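Let the hints inform the model, and build the full structure from the sequences given.
These protein sequences, in sequence, are chains U and W.
Anchor point for the first sequence: position 328 equals 328 in this note's numbering, and the numbering is continuous, going up by one each time.
Anchor point for the second sequence: position 335 equals 335 in this note's numbering, and the numbering is continuous, going up by one each time.
To be clear, the hints were calculated from the coordinates, so they are not data collected in a lab.
Every value quoted in this text rests on a predicted model; they were computed, and no experiment measured them.
Take these hints with a grain of salt, some might be off.
Stated by the list, open to error - Pairs of lysine-lysine residues, derived as BS3-like cross-links and limited to a Cα-Cα distance of at most 25 Å, are as follows:
| hint | chain 1 | residue 1 | chain 2 | residue 2 |
| --- | --- | --- | --- | --- |
| 1 | U | Lys341 | U | Lys330 |
| 2 | W | Lys330 | U | Lys242 |
| 3 | W | Lys242 | U | Lys330 |
| 4 | U | Lys308 | U | Lys341 |
| 5 | W | Lys341 | W | Lys330 |
| 6 | W | Lys341 | W | Lys308 |
Number of protein chains: 2
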Amino acid sequence: MESSGVGFVTPRDVTFAGAEDEPLLLESGRRFGPVTVRYESYGSLNADRTNAILILHAFSGDAHAAGRHGETDRRPGWWDAMIGPGRPFDTDRYCVICSNVLGGCQGTTGPGSLDPTTGRPYGLAFPVVTIEDMVNVQYRLVRHLGIERLLAAAGGSMGGMQALQWTISYPEAVAGAIVLASTARLSAQGIAFNAVGRNAIMSDAQWNNGEYYGKAAPARGLAIARMVGHITYLSDASMHTKFGRRLQEREQFGFDFSDQFEVESYLEYQGGTFVDRFDANTYIYLSKAIDYFDLGGKYGSLEAAFEKTTSKFLLVSYTSDWLYPSYQGKEIVVALMRRGKDVSYTELDCPYGHDSFLLETERQGALIASFLQTVNRHA
Amino acid sequence: MESSGVGFVTPRDVTFAGAEDEPLLLESGRRFGPVTVRYESYGSLNADRTNAILILHAFSGDAHAAGRHGETDRRPGWWDAMIGPGRPFDTDRYCVICSNVLGGCQGTTGPGSLDPTTGRPYGLAFPVVTIEDMVNVQYRLVRHLGIERLLAAAGGSMGGMQALQWTISYPEAVAGAIVLASTARLSAQGIAFNAVGRNAIMSDAQWNNGEYYGKAAPARGLAIARMVGHITYLSDASMHTKFGRRLQEREQFGFDFSDQFEVESYLEYQGGTFVDRFDANTYIYLSKAIDYFDLGGKYGSLEAAFEKTTSKFLLVSYTSDWLYPSYQGKEIVVALMRRGKDVSYTELDCPYGHDSFLLETERQGALIASFLQTVNRHA
Numbered sequence: 001m002e003s004s005g006v007g008f009v010t011p012r013d014v015t016f017a018g019a020e021d022e023p024l025l026l027e028s029g030r031r032f033g034p035v036t037v038r039y040e041s042y043g044s045l046n047a048d049r050t051n052a053i054l055i056l057h058a059f060s061g062d063a064h065a066a067g068r069h070g071e072t073d074r075r076p077g078w079w080d081a082m083i084g085p086g087r088p089f090d091t092d093r094y095c096v097i098c099s100n101v102l103g104g105c106q107g108t109t110g111p112g113s114l115d116p117t118t119g120r121p122y123g124l125a126f127p128v129v130t131i132e133d134m135v136n137v138q139y140r141l142v143r144h145l146g147i148e149r150l151l152a153a154a155g156g157s158m159g160g161m162q163a164l165q166w167t168i169s170y171p172e173a174v175a176g177a178i179v180l181a182s183t184a185r186l187s188a189q190g191i192a193f194n195a196v197g198r199n200a201i202m203s204d205a206q207w208n209n210g211e212y213y214g215k216a217a218p219a220r221g222l223a224i225a226r227m228v229g230h231i232t233y234l235s236d237a238s239m240h241t242k243f244g245r246r247l248q249e250r251e252q253f254g255f256d257f258s259d260q261f262e263v264e265s266y267l268e269y270q271g272g273t274f275v276d277r278f279d280a281n282t283y284i285y286l287s288k289a290i291d292y293f294d295l296g297g298k299y300g301s302l303e304a305a306f307e308k309t310t311s312k313f314l315l316v317s318y319t320s321d322w323l324y325p326s327y328q329g330k331e332i333v334v335a336l337m338r339r340g341k342d343v344s345y346t347e348l349d350c351p352y353g354h355d356s357f358l359l360e361t362e363r364q365g366a367l368i369a370s371f372l373q374t375v376n377r378h379a
Numbered sequence: 001m002e003s004s005g006v007g008f009v010t011p012r013d014v015t016f017a018g019a020e021d022e023p024l025l026l027e028s029g030r031r032f033g034p035v036t037v038r039y040e041s042y043g044s045l046n047a048d049r050t051n052a053i054l055i056l057h058a059f060s061g062d063a064h065a066a067g068r069h070g071e072t073d074r075r076p077g078w079w080d081a082m083i084g085p086g087r088p089f090d091t092d093r094y095c096v097i098c099s100n101v102l103g104g105c106q107g108t109t110g111p112g113s114l115d116p117t118t119g120r121p122y123g124l125a126f127p128v129v130t131i132e133d134m135v136n137v138q139y140r141l142v143r144h145l146g147i148e149r150l151l152a153a154a155g156g157s158m159g160g161m162q163a164l165q166w167t168i169s170y171p172e173a174v175a176g177a178i179v180l181a182s183t184a185r186l187s188a189q190g191i192a193f194n195a196v197g198r199n200a201i202m203s204d205a206q207w208n209n210g211e212y213y214g215k216a217a218p219a220r221g222l223a224i225a226r227m228v229g230h231i232t233y234l235s236d237a238s239m240h241t242k243f244g245r246r247l248q249e250r251e252q253f254g255f256d257f258s259d260q261f262e263v264e265s266y267l268e269y270q271g272g273t274f275v276d277r278f279d280a281n282t283y284i285y286l287s288k289a290i291d292y293f294d295l296g297g298k299y300g301s302l303e304a305a306f307e308k309t310t311s312k313f314l315l316v317s318y319t320s321d322w323l324y325p326s327y328q329g330k331e332i333v334v335a336l337m338r339r340g341k342d343v344s345y346t347e348l349d350c351p352y353g354h355d356s357f358l359l360e361t362e363r364q365g366a367l368i369a370s371f372l373q374t375v376n377r378h379a
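Shown next as structure tokens:
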């Protein structure tokens, strides 16, 4: 078992519904509820509730950011190396919270959840949600936990989009924003890759217009979507280092379609197992939320988007990330600086592509630990 | 109608079979035949047959490199801007020939051709062929046309692989090699993208293990494969310039799955129409041939691969080509120079990604015209 700093953790659910909770007003204009939120927390809230850090997960992530649910867990949470006693998100000092996003499939209400009006899973009756909608749900969770102001909101990729949106939607409720491998708007190329994934799922006959719950899932379509996604998370160099041109379990070409390169076999395995933990409709909904994300477009300009933010910002981009390349991180930095905001930016020379924010824990960890101390002093 | 320099052209077929033509010995060790080759030619052979240039097409290309087949052709051949009187491949001086590759679906024998032993299309009974096998078929065509030595073999992408293989397989038969946007070996990332395409096709129920001829083709799978491929042929910058984040025929998000970004709509259109001109099994076979291509692996080292070449080389790479990035072109140049070969290399600063070799006709054209004159003087 890999070591985990926080040890065993228990996920919790909270449901926002009923008289005291007005149904969520979505960005689309639609009212939606009830919403159940799955979350985990590591470390303890201090007496004045000022040491909370909200971790925001990426596309295929979940609330299980650190620790293990039990003895049988083979691996700890997805950011375990970053969260724990003495780790960058130091649970001796901070209370670290992570929740599954709205539209997800790991405990928070999403297209696979039961629609109380029909008693059946939502499927495509689930509303199209946005990054802002996710953040609004997170805000309810944070208030539910009695927290007025987060010490920080932190995430990579889609998680970084949420961190940016937090500073805009709730400027008084977040002292620091940590934005890794992220962007203020999805590029045309990014939309194109997402469109391929959605097409692959929707072309699978088992998708059945989103109504496959209780039946066979669109496993082939989801696997192909995941394969495409996976390529975009890595880099040419990291794939070369990891796989090169080695064949799977053979030395010579077979001159038929049974022989495979290791990279092919790896991707097919990753695609094939993804269906065990991820819902195809969530893939469709979350990729759409990412496609829609465009702070400059939404608020008139990127500078205007950040007009009312009061948070300190830490942005990190990675040289080999070609999905959300450094120039996109720099656009955010420039917009913030032009508005006189407090922003630190580092581009890390790192070979792991977009996944660097999950894998490069040492240098990134030092930056984050130092940033959190600065925010803490001034919060 | 776009203007075409060469005007109307007629494709020709030649079949290698019977007593005088030993069946082709494939790299796999399998004997295969008969093979029909579809080709076109533009310009005239001179009396001593020393002015022939063989154009080698890329993955989804065909023998129709220039001109029109008739009045109703909406567009001329795929490299028309480069071929014609006064154009870089100057048909006033050179006889330009282009043939469809072995395994193709545009007139040359491929998986969709009739297997004479069964009377039915080959499907997966077609042998796995390689870039070297394609070149061996081209050599037969060239000899059939009475040409002892080509003035040049020229191509981009998979066409560049063939040009490199020509200089190795038939060092005395090719005076110049023009290699654009190409590589001496497919990268792990390139294999991964090809694997996604093959998976998409093979996951389409209509693919039916390759036996779909005369029935519905695996159109959705092929469309998805094409969408992925298309993204890799463009660049982040060119997609941003061409599509940005514009929505298709609307101004505001629809918050449902009927609204699309222009780039999505474009890719779906490209994918959807591809099936009209391309065979899914050819996609599988040609992508496999590209995956197998690795001159260094095959000959021990890239330097060793070029040991016996006598051709002059012109290599061009393009700054925005992330599928076959410039460093891969430079590896070829370094290997050639270490063996004292005659090589010219240019990296063109061009925004169109891998497709630059199809689109950047002016600067690339000048380089090619000049190179051909040099080769011609010394041939």
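Query raised in the report: So which of those numbered hints doesn't the model satisfy?
Result: none
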